[in-house]
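Sequence lines, in order, name chains A and B. The first sequence: position 138 = 138 (this note's numbering), numbered continuously. The second sequence: position 197 = 197 (this note's numbering), numbered continuously.
Be a bit skeptical, because a hint or two may be false.
Listed next, the in silico DSSO-like pairs over lysine-lysine satisfying Cα-Cα at most 27 Å (straight line) [what the hints assert, rightly or not]:
(1) B:Lys7 <-> A:Lys24
(2) B:Lys124 <-> A:Lys26
(3) B:Lys85 <-> B:Lys54
(4) B:Lys101 <-> B:Lys124
(5) A:Lys68 <-> A:Lys46
(6) B:Lys270 <-> A:Lys26
(7) A:Lys46 <-> A:Lys59
(8) A:Lys46 <-> A:Lys24
(9) B:Lys85 <-> A:Lys24
(10) A:Lys24 <-> A:Lys118
(11) A:Lys118 <-> A:Lys26
(12) B:Lys54 <-> A:Lys118
(13) B:Lys54 <-> B:Lys270
(14) B:Lys70 <-> B:Lys7
(15) B:Lys222 <-> B:Lys127
Interface residues of chain B toward chain A, partial, derived using beta-carbon atoms under 10 Å [said to hold, decoys possible]:
(16) Pro145
(17) Leu150
(18) Leu154
(19) Thr242
(20) Leu280
(21) Cys286
Worth flagging that the hints you see were computed from the coordinates, not collected in a lab. The beta carbon of each residue, even a glycine, is placed where N, CA and C say it ideally should be.
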Amino acid sequence: MDSSKRHKARNNSIWADTARRIRKNKMAMLSLTILIILIICAVFAKWIAPYQYDAQNLKEAFAYPNWKHLLGTDNLGRDIFSRIIYGGRISLSVGLIAVGIAVVIGGGLGAIAAFYTKADNIIMRFMDVFMAIPSLLMAMAITTALGSGTRNMMIAIGISSMPQYARVMRASVLTVKEQEFVEAAKSIGCSNKMMIIRHILPNAFAPLLVQATLGVGNAILSASTLSFLGLGIQPPTPEWGSLLSTGRIYIRQYWPMTFFPGLAIMLVVYALNILGDGLRDALDPKLKN
Amino acid sequence: MLKYIIKRLLWMIPIMLGVIIIVFSLMYITPGDTATILLGDSATPQSVAALNKKLGLDQPYVVQLFNYIKGIVLHVSLGTSYRTKQPVLNEILARFPNTLKLAALAIVLATIIGIVTGIISAVKQYKAADRIATGVALFGVSMPPFWLGLLLILVFSVQLNWLPSAGVATWKNWILPTITLGTAVAGIIMRMTRSSMLDVIRQDYIRTARAKGQREFVVIMKHEFRNALIPIVTIIGVQFGTLMAGAVLCENIFSISGIGKFLVDSINNKDYPCVMGTVLFVAALCTIINLIVDILYTFIDPRIKSVYKIRKRGADNG
Chain A
1 MDSSKRHKAR NNSIWADTAR RIRKNKMAML SLTILIILII CAVFAKWIAP
51 YQYDAQNLKE AFAYPNWKHL LGTDNLGRDI FSRIIYGGRI SLSVGLIAVG
101 IAVVIGGGLG AIAAFYTKAD NIIMRFMDVF MAIPSLLMAM AITTALGSGT
151 RNMMIAIGIS SMPQYARVMR ASVLTVKEQE FVEAAKSIGC SNKMMIIRHI
201 LPNAFAPLLV QATLGVGNAI LSASTLSFLG LGIQPPTPEW GSLLSTGRIY
251 IRQYWPMTFF PGLAIMLVVY ALNILGDGLR DALDPKLKN
Chain B
1 MLKYIIKRLL WMIPIMLGVI IIVFSLMYIT PGDTATILLG DSATPQSVAA
51 LNKKLGLDQP YVVQLFNYIK GIVLHVSLGT SYRTKQPVLN EILARFPNTL
101 KLAALAIVLA TIIGIVTGII SAVKQYKAAD RIATGVALFG VSMPPFWLGL
151 LLILVFSVQL NWLPSAGVAT WKNWILPTIT LGTAVAGIIM RMTRSSMLDV
201 IRQDYIRTAR AKGQREFVVI MKHEFRNALI PIVTIIGVQF GTLMAGAVLC
251 ENIFSISGIG KFLVDSINNK DYPCVMGTVL FVAALCTIIN LIVDILYTFI
301 DPRIKSVYKI RKRGADNG
């Protein structure tokens, strides 16, 4: 096969097809752009945010949005816009890492369950037990046990959402395992390890990716919920949920403290949901509807 | 069918046992000595040791777990609250009606809105109504419920002064919590109704129904919606867990004395028997709801019932 043909063959892979299809989905691309902007803002918060997140100016407390403070100031005169930008750092990283934990543990267990029939029953029944507890309640119980804080919240949300990933991965691997190309790989003497790493996992990963994209949004929502209830990240750390929780006390007198952090959460979760839907449609156009 | 229900009921035992073990273990590893929490920092080591002995907390993990399970199985007891000294189950049952009322109102609202908009969206696929409905549904799903609750309070309680923002004194008190709790679920039901209807809409029997001159409304409701109902019922059943979790938030925002508020108060007061009891109670409830949903399938779709019959006949013959 000459190089141009090889190049063409590579471009016809599932991922290249997906990228091509998702580029045509305007809403998904808009969401991706919003997410990239937010990630850039979070990473470079130090340079982008006009003020330090903890810079107080009591003389300017409860200022409504103006040119100096685009989204107003909070009860201690801190710039809400800067706090939301810094808060994005925490909320986005909690979302990503919590889902990372769920994907690695849940996806790993799901794959093991699909490969090894003996382990299947044990693992999946264990997941059934986990699924019997609503994930937010599970996360609350875990944060009670581990204590509040960013790291513990990531673990709590990751573990509580793990069963969904195990189920998706198991179903996906079971489907891929029966495909003809796996049989072909087996027939040419491909080792088990090679088959799993090279052939099965990359092809079984697509549904997990969709689930993970939607899951990041849910994880951000769960994290902000825990912080809102006082069980997650505590003030003065500017996590979006904890910003909202602080603003709640002043809602009757001053709305920007509650309104803008909530808007930030909704924007990110909305964008992630649209991107997740777009990815699902792009990965399997038959499912579109 | 009866065999299936009995099998599912029996399967609940190991599931609940697993849930008890997980929740108990989490509370067991929780930092801080319970007796010290109860007696305060000024307590003497002797009084701490005496209380630990009285509560059985000086025993090994396995013994404590066994005693807890024994209490549930033999005495239907979830322990005693550290705070109020009342049985945990009584505390939960006293608050449960409010939570159940909130969840029931929210699911009714969500189901009506979700199904109606879902059907319209599917019938008018890719038209303006569909795009608006799907966009709004996704907003509903993406919106933090506590934020929506606070915004509703801001508009309807603070600015317009139309509705109360706390308590359960009148029917008006339930409006804002119901909308807060029902919105996300309505979005989920709408999305599921739409996709499920779209799966059915292009089937041959729909074309046949239209070809024989059936009225459009009858085609939609009797042929399309009826056949699209299984995934919709599943999603409504599954949402019960989401509603219970949402109730935790709603009850805290709107100061409703339900089990959600009770759970958060118990966590904040380190009243671990209450935390454990509430989580177990909700988990048991969710498992039972899932079982009811599975049984409901057979009434919605007689084909499922016939599968059981065929299996049974096969087993009898074999």
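Cross-check of the supplied hints:
1. Taken as a hint, the B:Lys7 and A:Lys24 pair is broken in the structure, with Cα atoms around 49 Å apart against an allowance of 27 Å.
2. Note on B:Lys124 and A:Lys26: the hinted pairing holds, with a Cα-Cα distance of about 21 Å set against a maximum of 27 Å.
3. Restraint check: the Cα-Cα separation between B:Lys85 and B:Lys54 comes to about 14 Å, which is no more than 27 Å; the hinted pair holds.
4. With a C-alpha separation of about 34 Å, the suggested pair B:Lys101 and B:Lys124 falls outside the 27 Å cut-off, and the hint is violated.
5. Of the supplied pair hints, the one linking A:Lys68 and A:Lys46 holds, its CA atoms being roughly 18 Å apart against a limit of 27 Å.
6. At roughly 49 Å between alpha-carbon atoms, B:Lys270 and A:Lys26 are farther apart than 27 Å, so this suggested pair is violated.
7. For the hint pairing A:Lys46 with A:Lys59, the CA-to-CA distance comes to about 24 Å; that is within 27 Å, so the pair holds.
8. Proposed proximity of A:Lys46 and A:Lys24 is contradicted: the alpha carbons are some 35 Å apart, above 27 Å.
9. For the hint pairing B:Lys85 with A:Lys24, the CA-to-CA distance comes to about 63 Å; that exceeds 27 Å, so the pair is violated.
10. Note on A:Lys24 and A:Lys118: the hinted pairing is violated, with a Cα-Cα distance of about 44 Å set against a maximum of 27 Å.
11. Proposed proximity of A:Lys118 and A:Lys26 is contradicted: the alpha carbons are some 45 Å apart, above 27 Å.
12. The hinted pair formed by B:Lys54 and A:Lys118 fails the criterion: a straight-line CA distance of about 44 Å is larger than 27 Å.
13. Note on B:Lys54 and B:Lys270: the hinted pairing holds, with a Cα-Cα distance of about 18 Å set against a maximum of 27 Å.
14. For the given pair, B:Lys70 sits about 23 Å from B:Lys7 by alpha-carbon distance, which is consistent with the 27 Å threshold.
15. A threshold of 27 Å between alpha carbons decides the hint, and for B:Lys222 with B:Lys127 the separation of about 23 Å falls inside it, so the pair holds.
16. Interface restraint check for B:Pro145: the shortest CB-CB distance to chain A comes to about 8 Å, inside 10 Å, so the restraint holds.
17. The restraint placing B:Leu150 at the interface with chain A holds, with a minimum CB-CB distance near 5 Å, inside the 10 Å limit.
18. Hint on B:Leu154 holds. Least Cβ distance to chain A is approximately 6 Å, under the 10 Å limit.
19. A cut of 10 Å between beta carbons decides the hint on B:Thr242: the least distance to chain A is about 7 Å, and the hint holds.
20. Checking B:Leu280 against chain A by beta carbon gives a least distance of about 9 Å; that is within 10 Å, so the hint holds.
21. Look at B:Cys286: its Cβ gets to within about 6 Å of chain A, closer than 10 Å, so that hint holds up.
Violated hints, in rising order: 1, 4, 6, 8, 9, 10, 11, 12; the structure is consistent with all others.
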